[in-house]
Amino acid sequence: MVSFRDVSIKRKLTTIILLSSSIALILSCAALATYDWISSERALVNRIGTMAEIIGLNSTAALAFDSAEDAQETLSALRVEQHVVAAYIYDADGALFATYAVSERAFTPTSMGEDSHSFIDDQLHLLRTIQLDGRRVGSVYIVTGLGEMEDRLQRYAGIVALAILIASAASFLVGARLRDQISTPLLNLAAQMRTVSSQQDYSVRAQSYSRDELGELIDGFNDMLEQIQDRDVALIQARDDLSHKADELQVELVERHRIEAQITASLEEKEVLLKEIHHRVKNNLQVISSLLDLQANNIRDEQTVSMFRDSQNRVTSMGLIHERLYQASDLARIEFSEYIAELTQNLLQSYSTNAHNISLSTTADPISLDVDTSIPCGLIINELVSNSLKYAFPDGREGRIHVELRKCEANELLLVVRDNGIGLPEGFDARKTQSLGLKLVHTLVRQLRGKLEISGSNGAEFSIRFTTHS
Amino acid sequence: MTLLRCILPILFALTAVLCAPSSAQSPSEHQVKAAFLYNFANFVEWPSSALDDTSSIVIGILGEDPFGQAFTPFENRSVKGHPLRIIHSKLLQELPFCHILFISSSEEKNLPQIFQYLSDRPVLTVGESVGFAQRGGAINFVMKNKKVRFEINQQRAEKADLKISSKLLKLASIVEDAPEYVD
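Note that the protein sequences, when read in sequence, are chains U and R. Counting with my numbering, you get residues 1 to 470 for the letters of the first sequence. Counting with my numbering, you get residues 1 to 183 for the letters of the second sequence.
If we strip away everything but chain U, and leave its shape as in the complex, we get (with noise of 0.2 Å):
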C-alpha cells in the first residue's frame, strides 16, 4: 500500500481533480436532491391542497343539501390519484359525511376546526375546511402516500449517479489537459534535475514553459545551475591558483634550504676555522711559555729566573684558555670553574719547590664566560695566586689559599681569592705598589669594570666584583 502523499504528481493531480469534482457534484446534487425534497412536499401539499378545495367546493352543494351520495362520488374522482391512500368527508358538526378509502385503513384527523397539513409515517394527512358563503359547512381530509416523491428522489439519485459518471469521465478529460500543464512542467523538472545530480553536468538548463510559479521554479532552478556552475569555474580558478601557488612555495622552499644549508656549511666552515685559530694561538702560547722556559734554564740569577717563571705562567693561563675555548662545543665561551681548578693546579706545581706544604682549594659556580671576561679573569686568579705562593708562606709554612667564584646577583660575579699566610704588610696600598702582578692586577679590574676589595689584616683576600654581559 503506497501513501498518498508518494505517489506520483499526476496521480494525485487526477485523484484531486476527480475527488473534487465529485464532491462537489455531490454536495450538490444532495443540496438540490434536499431543496427538491422540501420544494416537492410544498408542491404536493398545494397540489393535494388543491385537490382538497376542488372536491370540497364540489360538496357544498351536497353538504347543503344532505346528499352523502353526491359526496361520495365528488370523492370518487381520487381514483385517478395513485397515492392517495384515503379520504374523507365531514359535516358542519365533525361527523363523517362521506369516505373514499383505497387500503382498509381508517384515519381519523387529529383536529377538525382549521386547514392543517402534517407529514406521518411517510404520508400527508391534510386537511380542509369546507366553506359556503364565508361558513364552514364541513372538511375534507385527504391521506396521501410519499410514494410519488419518493419515485421522483429516486429517479433523482439516477440522474445524480448518472451526471457524476459524466461528470467525472468529462472532468478527467479536460482535467488530464489542466494537469499536464502542472505535472509535464514538473515531471520534465524532476527528470533535469536527476541527469544533473546522476551526472553532474550542470549545463544542463530545464524549459520553462509558463509565467507562473512553475515558471519561476524552473527560472530558479536554472538560475540556481548556473550559480553552481559559475561557482565551480570559480572554484577551479581558486584550486589552480592555489596548486599555482604552492608550486612556488616549494621552489621558494627549495631555495630557503639551500640557503639554509649553505649557511650551515659556513658556519661549520667557520666554527672550523675558529677552532684551528684557538689551536694555533694556544699551540704558539705554549712555544713562547717552551720558549720562556728554554730561556729561564740559561739564567743564573734567582729574580730573572722568577720573572721569566711568572711571565711564563702568564702566557700558559691564556693558553689555557684558548685549549678550552676549541675544546668547548660553544667556541665563544668556556666552562670557568673547570679552567679555576686547572689553572691553579698547574700554578701550583710551577711553584711546587716552595709549596709543598701548602694546600689549594677551589669553590666556583657552574658559570661560562667569554673570551673578553676570561682573559682578564683568568689572569687575575693567575697574578693572586702566583703572589700567595710566592709570599704569604715564607720559610716553608704550612698554609691554605683558596679561590671562589660565586654568582650573586643578576649578572654580578664575585671573585675572591684568600689565603691564611703572613697578610699583607702595614699600610700596604695597592695602588703605589711596586709589584708587576698587582698593577696588572688593578689594570684588569679596571677592565672589567669591576671593583677591588682588598683585606691584610687575617691573612690577605682580594675580593672583585664585577658584571659580565649577558
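Hints may contain errors.
Ranges of calculated distance between the beta carbons of each label pair, as one might list FRET restraints [what the hints assert, rightly or not]:
1. R:ASP52 to U:THR34: 53 to 59 Å
2. U:ASP151 to R:LYS159: 52 to 58 Å
3. U:ASP151 to R:GLU75: 52 to 58 Å
4. U:GLU148 to R:THR72: 47 to 53 Å
5. U:SER118 to R:THR72: 27 to 33 Å
6. U:SER118 to R:GLU75: 37 to 43 Å
7. U:ALA77 to R:LYS146: 26 to 32 Å
8. U:ALA77 to R:LEU169: 16 to 22 Å
9. R:SER26 to U:ALA101: 24 to 30 Å
10. U:ALA77 to R:LYS159: 29 to 35 Å
11. R:GLU94 to U:ALA101: 49 to 55 Å
12. R:ASP52 to U:GLU104: 52 to 58 Å
13. R:LEU91 to U:ALA101: 49 to 55 Å
14. R:LYS146 to U:ILE120: 35 to 41 Å
Hint data in this document are derived by calculation from the structure and do not stem from the laboratory. Note that beta-carbon positions come from the ideal geometry of N, C-alpha and C, so glycine has one too.
Got chain U sorted already, so can you dock chain R onto it with the hints?
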C-alpha cells in the same frame, strides 16, 4: 288523496312540534326543508333588477306555515352579503316581492292563479305538492328513502330569469312542464 292532503300538514306540524326539542340529534323534515330553503339562496342567482347590493333576500311563506320554529337558526344570518328576511302570509297579494316563495301545500288548489300572478317574475317558487314543478313551480320537495330531495324545473327557472347552480342541479331530479300532471 284529499284526506291525505288535509292530514299531511297537520302531521308535519305535529312532527315539527314533537321533534323541535331534539332537533340536534335528528332534524325534522321541515327543519331540513327550512335549511334547504336558506341554502337555495346560495346556489341561485337573481337578475340585478331583482337583487341589488343593498337589498335583503326575502323568503316568503304562502299559506299555512308548516315550519314553526324551524327558521329560527337562520333569522339573523345573511346570504352572499344580503340580510335574510322571512315573511309569512296567507294571501299572495299581501306579500311584498319575495326572492324565494315557498307555497305551502294548503295552496295547492290555487296554484294556477298563483303562477299566473307571478307570471315570469324572478321569483324562485318552491313547493311540496305532488307535480308542483311540472305545473309551473321551480323546485319541489319530494321524499326519497325517508330523505328530503327535490325536483327542479329548469325551464321554469330560466323563464323567471334565474340561474340555478349546476351543483344544485346535480343533486336534483330534473323535470319539465306538464300542466296537467297527475300523480
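Status of each hint after checking the structure:
{"no.": "1", "hint": "R:ASP52 to U:THR34: 53 to 59 Å", "in the structure": "holds, 55 Å"}
{"no.": "2", "hint": "U:ASP151 to R:LYS159: 52 to 58 Å", "in the structure": "holds, 55 Å"}
{"no.": "3", "hint": "U:ASP151 to R:GLU75: 52 to 58 Å", "in the structure": "holds, 54 Å"}
{"no.": "4", "hint": "U:GLU148 to R:THR72: 47 to 53 Å", "in the structure": "holds, 49 Å"}
{"no.": "5", "hint": "U:SER118 to R:THR72: 27 to 33 Å", "in the structure": "violated, 39 Å"}
{"no.": "6", "hint": "U:SER118 to R:GLU75: 37 to 43 Å", "in the structure": "holds, 39 Å"}
{"no.": "7", "hint": "U:ALA77 to R:LYS146: 26 to 32 Å", "in the structure": "holds, 28 Å"}
{"no.": "8", "hint": "U:ALA77 to R:LEU169: 16 to 22 Å", "in the structure": "holds, 18 Å"}
{"no.": "9", "hint": "R:SER26 to U:ALA101: 24 to 30 Å", "in the structure": "holds, 26 Å"}
{"no.": "10", "hint": "U:ALA77 to R:LYS159: 29 to 35 Å", "in the structure": "holds, 34 Å"}
{"no.": "11", "hint": "R:GLU94 to U:ALA101: 49 to 55 Å", "in the structure": "holds, 54 Å"}
{"no.": "12", "hint": "R:ASP52 to U:GLU104: 52 to 58 Å", "in the structure": "holds, 54 Å"}
{"no.": "13", "hint": "R:LEU91 to U:ALA101: 49 to 55 Å", "in the structure": "holds, 54 Å"}
{"no.": "14", "hint": "R:LYS146 to U:ILE120: 35 to 41 Å", "in the structure": "holds, 39 Å"}
Taken one by one, the earlier hints fail for this structure only at number 5.
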